[in-house]
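S.K.: Listed below are the residues making up each chain.
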Amino acid sequence: MSGAGGESSRPAAAARSAALAGLATLLYKELLRFWKVAFQTVAAPILTTLLYLLIFGHVLEGNVRVYDRLSYTAFLVPGLVMMSMLQNAFANSSSSLIQSKVTGNIVFVLLPPLSYVEFFAAYVAAAVVRGLAVGAGALAVTLPFAPLGVAHPLWAMLFALVGTATLGAMGVLAGIWAEKFDQLAGFQNFVIVPFTFLAGVFYSIHSLPAFWQQVSRFNPFFYMVDGFRYGFHGVSDVAPLASLGVTGAFLALLSAVTLALLKSGYRLRQ
Amino acid sequence: MTAAIEVRGVAKRYGAVQALAGIDLEVRRGEIFGLLGPNGAGKTTLISILAGLARADAGAVRVLGHDVVADYRAARRLLGVVPQELVFDPFFTVRETLALQSGYYGLRDNRAWIGEVMRNLDLTDKADANMRALSGGMKRRVLVAQALVHRPPVIVLDEPTAGVDVELRQGLWQFVRRLNREGHTIVLTTHYLDEAEQLCDRIAMLKGGRIVALDTTANLVRRHHALYLRVRLDGPLPGELAARALDAEGGMHTFRLEDGAGLEPMLAAFRRAGRRTLEVEVARPDLEEVFVQIMRGER
Ligand SMILES: Nc1ncnc2c1ncn2[C@@H]1O[C@H](COP(=O)(O)OP(=O)(O)OP(=O)(O)O)[C@@H](O)[C@H]1O
Ligand SMILES: [Mg+2]
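Protein chains in written order, with the working numbering: chain A, 1 to 270; chain B, 1 to 299.
These aren't lab readings, by the way, just hints derived from the structure by calculation.
Be aware that one or more of the hints could be misleading.
Said to hold, decoys possible - Straight line, CA to CA, 25 Å or less: simulated DMTMM-like cross-link-like pairs of lysine to aspartate or glutamate: (1) K101(A) - E85(B); (2) K36(A) - D128(B); (3) K101(A) - D57(B); (4) K36(A) - D125(B); (5) K139(B) - E116(B).
Claimed, not checked - Derived list of chain A stretches under chain B, where covered just means 3 residues or more per stretch with a C-beta under 8 Å from a C-beta of chain B: (6) 13-21; (7) 26-35; (8) 96-106; (9) 110-124.
A virtual CB, placed ideally from N, CA and C, is assigned to each residue, including glycine.
Make the full structure from the sequences, and use the hints.
M.R.: This is the structure we're talking about:
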């Protein structure tokens, strides 16, 4: 083996490129991690989405009309797809982090010269990819049941990105906060699931009593679902730009909090 | 010359436990440095702070002059750490584990070096085995390999031989010696004091988060003048001497002498009692005895 490496400070450009390669590797590892078990991490949620569509679509189709002109199934598809994207984006970063913490292999990513920003970016980006992969699959299997057009593909894409990034960031936050699997499951069952279910996936909030309409407006996930649906049907409860503003602000806030925690070393570098 | 590792006034508290209570030490370049101490002495805590896995409450640590907090990128690139816990990522094979680890350091195509590290640690056969399928000793070797993927000039091994069989232990120390010959600075912890005695140029002994001894291995052993005299006599020990004997094993009586000057009076005492000495052994205390004495608070 050859001798010890040099210690002279390398040019800034080389250092930047090394940092970028470090980030890319962490992202790649996170992708590989879910892709190796794609059956559970991608195929299973796609199947769940399909089941929701078949059951709710079957029960409610013909009984409920939304925005006058949409069939219930057509209304339901974008919401279901968004819900599965959000839940899976969250699951990706949070479960990866808690597993690494509990098993101790988190040291492998804490020892290298990765900054907290790179760390955050890699986990969030992987969550986005997982979310989009599930979303694309869910869309593909539900389309035969509810042929729908895409009125504004860019809006749909934008909401998919911002939504999955938000939940990815939330997953990082929950993953560094939780010290046991139970705590994470609690967060998932009592925060993520109820808030995504009550985000207007199964109904338009205009069908709700005034009080619950107001309550729904405090749920950030509602804006993600609503905006994503606008991308398909061109109709929404809230103007898409306003939804994007709310969602973007929520993402910014969440990222700021998470980055501050990462920077402080909270529960990772005690 | 900048020290390989410079620790200045490092303190760390975990709740009610003062894990480190003001540590100052320097590890020189090119040496093998031993960090010894009983369970809970603070060895791993010190290594964690050095590696950026934990933050010191006070004090500073530098790796080859780079502060581990302010200049963490440089410091971490110069450091390879083998953690005490046998951790692994069950999602990956050995080769994937090493390729990923090297990528985290920004090294893009590192296959040749990874191959060499695997060969040196006898991992080539297991390159494509999943980490889960490896025995404990092999997992330990992968941890060592992971610490070396970025060719760090300073290598820290936290109990690398815990739970490792004799053959692998010797192999590992041989490898450590070789890395050291090739210019790497080595810091290690171990509870096998004979190994530490053989390997380390200098040793720091920790107890309750403080350094209680810091010297070259030779000086540490020499510092304890006490000698052990073991004799076989041609008859039973006379009464006054029997009281001074530490034990009598297989007919050999052991006495503790304060120093070399105590030898002659003992032999004279045997002669006075009319005993002939059939066999004599004089032994210096080894590092283990020194360790025990220092930990008891004797000097
Ligand atoms: N994360 C932690 N939280 C609370 N206490 C801790 C933590 N890490 C270490 N300690 C405490 O700090 C003290 C020093 O522990 P450390 O692991 O550094 O000892 P050590 O010298 O490495 O021991 P060993 O030989 O058993 O590995 C111990 O009392 C330990 O209980
Ligand atoms: Mg330890």
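S.K.: Taking only the CA atoms, is the gap from K139(B) to E116(B) under or equal to 25 Å?
M.R.: holds (17 Å)
S.K.: Given the hint that K36(A) pairs with D125(B), does the C-alpha gap stay at or below 25 Å?
M.R.: The hint holds at about 23 Å.
S.K.: Given the proposed pairing of K36(A) with D128(B), does the C-alpha separation stay at or below 25 Å?
M.R.: holds (15 Å)
S.K.: Are there three or more residues in the region 13-21 of chain A whose C-beta lies closer than 8 Å to some C-beta of chain B?
M.R.: Coverage by chain B holds here, the residue count being 6 at a Cβ distance below 8 Å.
S.K.: At least three residues with a C-beta closer than 8 Å to a C-beta of chain B: is that true for the region 26-35 of chain A?
M.R.: holds (count 5)
S.K.: Keeping to a limit of 25 Å between CA atoms, is the pair of K101(A) and E85(B) held or broken?
M.R.: Distance ~13 Å between K101(A) and E85(B) Cα, so the pair holds.
S.K.: Would you mind confirming whether the straight-line C-alpha gap from K101(A) to D57(B) stays at or under 25 Å?
M.R.: holds (23 Å)
S.K.: Given that the region 110-124 of chain A was listed as covered by chain B, double-check it with a C-beta distance under 8 Å for 3 or more residues.
M.R.: holds (count 6)
S.K.: Between the region 96-106 of chain A and chain B, are there enough contacts, at least three residues with CB-CB distance under 8 Å, for the coverage claim to hold?
M.R.: holds (count 4)
Comparing the model with each numbered hint stated earlier shows that all of them hold.
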